[in-house]
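Novice: So the protein sequences, as listed, match chains A and B. Just so you know, we're using the working numbering here: the first sequence kicks off at 1126 and counts up by one. Just so you know, we're using the working numbering here: the second sequence kicks off at 2 and counts up by one.
Simulated from the structure, these hints should not be mistaken for lab results. There's no promise every hint is true.
As the list claims (entries may be wrong) - As a list, the in silico PhoX-like pairs of lysine-lysine whose alpha-carbon atoms are at most 25 Å apart: (1) A/Lys1277 with B/Lys132; (2) A/Lys1528 with B/Lys132; (3) A/Lys1503 with B/Lys62; (4) A/Lys1335 with A/Lys1306; (5) A/Lys1306 with B/Lys62; (6) A/Lys1376 with A/Lys1335.
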Amino acid sequence: MKTSLTKSLWTAACFLIAGCSSDLVAERDDNRATPLSFGPEIHIGDAELNPSTPFLRYAPDARLFAIWTEDEPSQPPQTRPAPSHNHKMSDRDPSPMRTAMLASSADGGKTWSKRKRVNRDIEAVQGEENGPKVAFAANNRAYVVWSIPGEKGDKTRANVRFAMDDGNGGFSPARTLNEVKDAARFPIIEVAPDGNPLIAWIDRRIDNPKPRQLYLVRLDPSGETRTKNYQTGEGLCECCKLGIAFADGGKTVYMVDREVDGNKIRNHVLRKSTDGATSFGPPVEISNDGWQVPSCPHSGPSIGRDSNGRLHVSWFTLGRSEPEAGIYYSVSHDDGKSFAARQLVHANTAPETLYTNLIVGEDDTIYVAWSNLDGNGKAQIFMRTLAPDGKSWSPIQQISRAKGNASRPVLALLKKQLHVAWTETDGEASRAVLRSATVNR
Amino acid sequence: MKTVSSRMDRLPLFLSFSWLALFCIVDIDLNPSVCQAQHVHPAGPSVAPSVGAPAVPFELKTLEGKPANLETFRGKPLVLNFFASWCDPCRDEMPLINELASKAAIQGFSVLGVAVEDGRAAVTEFAREIKLVFPIALDLNSTVKRAYRIFGPPATFFIDGQGIIRDVALGPITAERLREAMKKVGTTK
């Protein structure tokens, strides 16, 4: 018996050594993605005004910009007369008005310029999955899009607003881009390599036979409209953000979204244009997740393209049953014709819709950020990287230490400077948080 | 004796595989491409609150700042509707829920809306716009949403007077489905 136990201990020790040594070998492997070393938390915006929903983007002059929403400072709590129905409101209700604010950092996010108001009018700038976005022309001119509720206050039948740098330190008066009013939300903006801003959104102008279309409009560099609104897809998920990437000097455009079929199955798809977003080919399924849900998941996919033309996508799905739920990743090696089998990046640690964002480094390292619950049941931000070999994942890193919940991470990357920003909420208060890391590659 | 002996002989093999399994568990946490089946659920109930199970207790506050908990509604049926102001299907079903709520006092049941992933200002505006006639509780920290395992609103739980869930409707509810569910909690629409 003693011999047997000795044998078993030796065998176990051998496995232990083998396990450790394989880790050591992996550490020496140049392809092994290593954890990132993040700096301290930086809080964006006026803490008194509940900043939330930050979005990050580098301008061509290497300044890092953040855009987010804050409570409208000039709007005191509302003092409306008691409504006629019997749902009693307090005498002084909080105002739903929110402002889009923009600031820049010339030192990699350590210090920030004075924040600048984007929307001149008082508006209920929407946040959460639907927050404002900024993009830049080659001359660093900023273009901003956001969404406001429809005329009756309906957030689901909303309007896409646009404003741009007026050249005098402020922003032009905002205008609505959707030609059919009270029908558009979840706008995204990118400046194509030809210098023309491209804006896409989810539109509800037609409810039948397939509700919720993908609509686009192109502007010229001066912000003038170059095209009418045009439809390029249909059957989109009602409340999930879109993703976009360019190639070939803007001739090729890739868009990702969550699509809903007649059975309410929600799979993510890629739509590709080879004529500068004038027309798109049929949607290509990224993964047959089979998530059948009649409700609003409110969490869209993210796409990036690497220097070898590979397309990388991350998304959240619950899959065919709850134990499948989590953040997933896939890659296309054939320019979007097909996608590799999905890889689980992080399983759901609790019943929770998770939010993800992905960005591609200059060396083709993939950086994925997402929210998930920690051991205390609080939503936090997590990250991991995928090395350029497409195989070696770094360990999962928790980036946030939110007292309440952290969600909707966004990423920006320029050379070796990586930034992650997210929203933290605790009760009725919110804040926008940023952390930065220097990547080794 | 032979049996015991052969078990002892297998012990080294068993321990070796135990170590191997341990390494696999550690590794899959680090490498999703190795194994894609790691799922842990440390937070929230292990199973979804389902029909026949007791409703999960909660402590929230209404838009007016009044306490809203399960005990408040004990003794008569409760329709617990999870929604958000940004959610299309929630808005689609809300007139039906509101109509149901308008009959609640006469027919002896309660309706409570629970706003998830939403803020007080937006929900107040929503309630005002749609002229909601039932109390709305704010689940600001998502604790109740997680306890009821809501992956996306809307979702409606029909709870009887003893606090037992009698029906669950995920997604926007129809008039027919609503009538059916109300019968199950001992009332008719």
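Novice: Now look at each hint and say whether the structure bears it out.
Specialist: Each hint, compared with the structure:
1. A/Lys1277 with B/Lys132: The given pair, whose Cα atoms are some 12 Å apart, holds under the 25 Å limit.
2. A/Lys1528 with B/Lys132: Violated. Lysine 1528 of chain A to lysine 132 of chain B sits at ~34 Å, over the 25 Å cutoff.
3. A/Lys1503 with B/Lys62: holds, 20 Å
4. A/Lys1335 with A/Lys1306: Roughly 19 Å separates the two Cα atoms, so the pair holds.
5. A/Lys1306 with B/Lys62: It is violated: about 36 Å lies between the C-alpha atoms, which goes past 25 Å.
6. A/Lys1376 with A/Lys1335: At roughly 28 Å apart (the allowed maximum being 25 Å), lysine 1335 of chain A and lysine 1376 of chain A break the hint.
Hints 2, 5, 6, counting from the list given before, are not met by this structure.
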